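Sequence lines, in order, name chains B and G. The first sequence begins at 1058 in my numbering and counts up by one. The second sequence begins at 1058 in my numbering and counts up by one.
What the hints contain is simulated information worked out from the structure, not anything from laboratory work. Hints are supplied without guarantee of correctness; some may be wrong.
Note: identical chains are not told apart, hence a pair may lie in one copy or across any two.
As the list claims (entries may be wrong) - With a straight-line cut-off of 20 Å between C-alpha atoms, the simulated SDA-like cross-links for lysine to any residue are:
hint	residue 1	residue 2
1	K1389	S1240
2	K1371	L1449
3	K1324	D1185
4	K1356	Q1158
5	K1323	D1185
6	K1427	T1327
7	K1324	R1186
8	K1167	G1195
9	K1389	R1061
10	K1174	I1161
11	K1251	L1091
12	K1324	G1195
13	K1323	S1189
14	K1167	F1194
15	K1218	Q1172
16	K1276	N1347
17	K1324	S1189
18	K1324	Q1158
Quick caveat: nothing in here was measured; it's all calculated off a predicted structure.
Number of protein chains: 2
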Amino acid sequence: MADRITELRERYDYYKSLNLSLNMARGKPGADQLALSDGIIDPALIEGFRSEDGTEIRNYGVLDGITECKRLYSEILQVKPENIIVFGNASLTVMYDYIAQCMIFGSGDKPWSQQGKIKFLCPVPGYDRHFSILEHFGIEMINIPTDSEGPDMDLVDEYIKDPSVKGLICVPMYANPTGITFSERVIERFASIKPAANDFRVIWDNAYCVHHLSDDCDKFYNIFEYAEKYGTQDHFIEVASTSKITYPGAGIAVMAASDKNIESVKKRMTVQTIGYDKINQLRHAAFLKNRDGVTAHMKKHAALIKPKFDAVIKALSDSFSDDGDFSWTEPKGGYFISLNVPEGCAKRTVELCKEAGVTLTGAGATFPYKNDPFDSNIRIAPTFPSLDELKLATEILCVCAEIAKLEKNN
Amino acid sequence: MADRITELRERYDYYKSLNLSLNMARGKPGADQLALSDGIIDPALIEGFRSEDGTEIRNYGVLDGITECKRLYSEILQVKPENIIVFGNASLTVMYDYIAQCMIFGSGDKPWSQQGKIKFLCPVPGYDRHFSILEHFGIEMINIPTDSEGPDMDLVDEYIKDPSVKGLICVPMYANPTGITFSERVIERFASIKPAANDFRVIWDNAYCVHHLSDDCDKFYNIFEYAEKYGTQDHFIEVASTSKITYPGAGIAVMAASDKNIESVKKRMTVQTIGYDKINQLRHAAFLKNRDGVTAHMKKHAALIKPKFDAVIKALSDSFSDDGDFSWTEPKGGYFISLNVPEGCAKRTVELCKEAGVTLTGAGATFPYKNDPFDSNIRIAPTFPSLDELKLATEILCVCAEIAKLEKNN
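Could you put the whole structure together from the sequences, leaning on the hints where they help?
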């Protein structure tokens, strides 16, 4: 073992000598992916400045989105157009504003801010920006372990007996960071949920619902179809966006929700805005056209990023397939690979990587309060670097992770 | 007088027989005005997809706006670029979100929602959507009369001795609906304000700060320049937007504020979004260029809408210049003319207009709770109809107003 660590340290010092600057921290599309959508700025897409029902898109009006945009997302999320609202650039804002609304005005009961300490369930590992929103509003977060099928629903059912548990936030398909998709069994458990709090809300962040890496992909389950069987549809607020379909910096975001929830959100929106950017909405509808158009477009993304996912998984396999202390996910879509290093080694691994010029998402970031109880989980975002950079960065990550393990066992 | 009302009713019946549908209700630009900005969709403006500091505008990033957009508004509002934040399409949302932030987190003291009944001062007549935001959050509104120089500042100083008075909301230049601009004396009074509540905020909605109707225009006063003399700059939150410069349906909005307030808003924004639409920001900066570019562009708007303002004012003068019961403003900019009909006659006038096919902003809308204590104020929005339509609509309005007066005196 002394030999091994000496060898690894020599390799590590060599990497350091390269003065690299590689980044696998954030789920950003690469430059080649952005270029796939450059047709969207073609003025021909918005010629005449009219949506299909004749609305002048340059002027005021249209609170909930132009007809063709609502239809596009109604096809993607498989709900009626009237259960869709189209917003501005970020689904993060849609979630933030919805939770702010619940804090100030409630979601069918007293305002959340007037109900004392309230809590949210957080399947882990999860998305750091979800946890930031909840922490910002002073909502206590409770970790819910997940496996390859989704969150531990027995534990969820146990916790929701407590009426101060007001919600759960999750990415049901190609989750951030594990890449897993909730199984039909888990979807059914969600749909049949019976929370003690009647103002309980599941924030169902379907950020990656069309983001398959190949034809061998996970199945999309429409939560509202399942929820209707149990009459639980008011408990679900679904969001999605085109951030990783067209441009993260200039996309559109949507919410899908029950009639009752759409009505309450619109009631707030009539005070908050006259309408979101309709020109960008029409650009999106005209460029993506319909569900088939989106599918075809996402295949182009997949062609660019599948080799990156493959490269990371190959490197992890080459290094650790014989070492049961390491495990990782092999997602069929989304933007992330989740790596579990031995307990107590994640922070050290990320630190070693950083010193060698490889930036990873901070260890712990995938847990509420940035606190990974096992200091084990590392999120890998493979899309932004070039394939060569990514291969080198993953090689360095593997060396760092093994050094961290050996240091710990010393 | 019997003759006069008979004559007016005959004319009224004639107008009704025309089955008109004319709208002077909302401050919407006309189609000719929208066309002035159609150069903004030219792909050449965003070629290369880089802001001037090299930022890739298609991807994630840039919380507070691209450099050239902050500079553009820093020139317009005469504050430093670091005191500007650029947002999405609507300054209404910027105001809503700021007040929501004060409700949940406060503005330097306890959250407003935890301070019992709180109040805002509302110069009247004012903007209905301002009042909607305050009503939505349950903030009590207090009318402050205005004259041609601005709000009654003695009354403001009296009210702000009450620490439950948390703010004031106003349009300081070419106000909605009066079109008046606060005089330097009033600006100085604002700047030297000494509210009992240290978390008092003036929402300074400079929606029309570059919207002159001709070279004979009102002077722009930079409230922050005045406030600095008194150290009161933290009390002011200024907003503006391009809604009536480029497109109401696809513009950008900005906030200008003190270092401390910018910091607290950014702290919220880091949780709420990764960034607003940077492509639209670059389009705006490249199309409008700088303050001179905006000035030149606004002259084109003025050329189209000045004749409309003139037509309304001429019709009002022709009908009522000898009748001291009627008065109206003659703004040098903005989007509205404010008409005062005899007390108790505004609702009836608007109702008569509606029956004759002329839609006006609801009587009372220019006051909190839609309650005009004198039932006297009518807001006229002359920009959206064509000049011919507008002339006819104003003619009808004059007839209806006079009928209402004569009915009342009967």
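So which of those numbered hints doesn't the model satisfy? 4, 9 and 11
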